[in-house]
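Numbering (this note's numbering), first residue to last: 1 to 109.
Bear in mind the hints are in silico, worked out from the structure with no lab data behind them.
Do not rely on the hints blindly, as some may be mistaken.
Simulated restraints, written as ranges between beta carbons of each label pair [said to hold, decoys possible]:
| no. | residue 1 | residue 2 | range |
| --- | --- | --- | --- |
| 1 | Leu102 | Trp50 | 21 to 27 Å |
| 2 | Thr3 | Asn52 | 52 to 58 Å |
| 3 | Pro46 | Thr101 | 17 to 23 Å |
| 4 | Ala22 | Val62 | 17 to 23 Å |
| 5 | Leu102 | Ala37 | 20 to 26 Å |
| 6 | Arg95 | Thr3 | 49 to 55 Å |
| 7 | Glu103 | Thr3 | 50 to 56 Å |
| 8 | Thr3 | Ala37 | 52 to 58 Å |
| 9 | Asp91 | Thr3 | 57 to 63 Å |
The model shown is predicted, which means the values in this text are computed figures rather than measured ones.
The beta-carbon is built from N, C-alpha and C at its ideal position, and this holds for glycine as well.
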Amino acid sequence: MKTLVKAVAVLALSAASLSAFALTNADRYGEAASPAAAERTIVIGPNTRWVNVNHGEIVKFVANGREFAWDFDGVPQAFDLKQVAPQGAIDHNVRVYIATTLEDGGLGD
1 MKTLVKAVAV
11 LALSAASLSA
21 FALTNADRYG
31 EAASPAAAER
41 TIVIGPNTRW
51 VNVNHGEIVK
61 FVANGREFAW
71 DFDGVPQAFD
81 LKQVAPQGAI
91 DHNVRVYIAT
101 TLEDGGLGD
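Construct the complete structure from the given sequences, taking the supplied hints into account.
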């Protein structure tokens, strides 16, 4: 019986610690930034299917008459720009490819 209690306690502690280390959306994708802080601007047109950015770069996007900026300081992995764009700014799939740089050692924040 003591073994069962210990096993249940270990499982409960393990489950509790998993949520403490879960990645947030900011950890995964980065975070919104001021357009004034952008290092460059990318215009998204109806035929734009992908964009290339560098990890740690702040980019301003212009699409459908709207603009927003994003700081790509999350995990350097590809994702759909619609996941982070303001609602209605992007009306089709645009894949973001994030290159690692020597400055950050190729690692996320």
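Status of each hint after checking the structure:
no., hint, verdict
1, Leu102 x Trp50: 21 to 27 Å, "23 Å, holds"
2, Thr3 x Asn52: 52 to 58 Å, "55 Å, holds"
3, Pro46 x Thr101: 17 to 23 Å, "30 Å, violated"
4, Ala22 x Val62: 17 to 23 Å, "33 Å, violated"
5, Leu102 x Ala37: 20 to 26 Å, "22 Å, holds"
6, Arg95 x Thr3: 49 to 55 Å, "50 Å, holds"
7, Glu103 x Thr3: 50 to 56 Å, "51 Å, holds"
8, Thr3 x Ala37: 52 to 58 Å, "57 Å, holds"
9, Asp91 x Thr3: 57 to 63 Å, "58 Å, holds"
Checked against the numbered hints above, the structure violates hints 3, 4; every other hint is satisfied.
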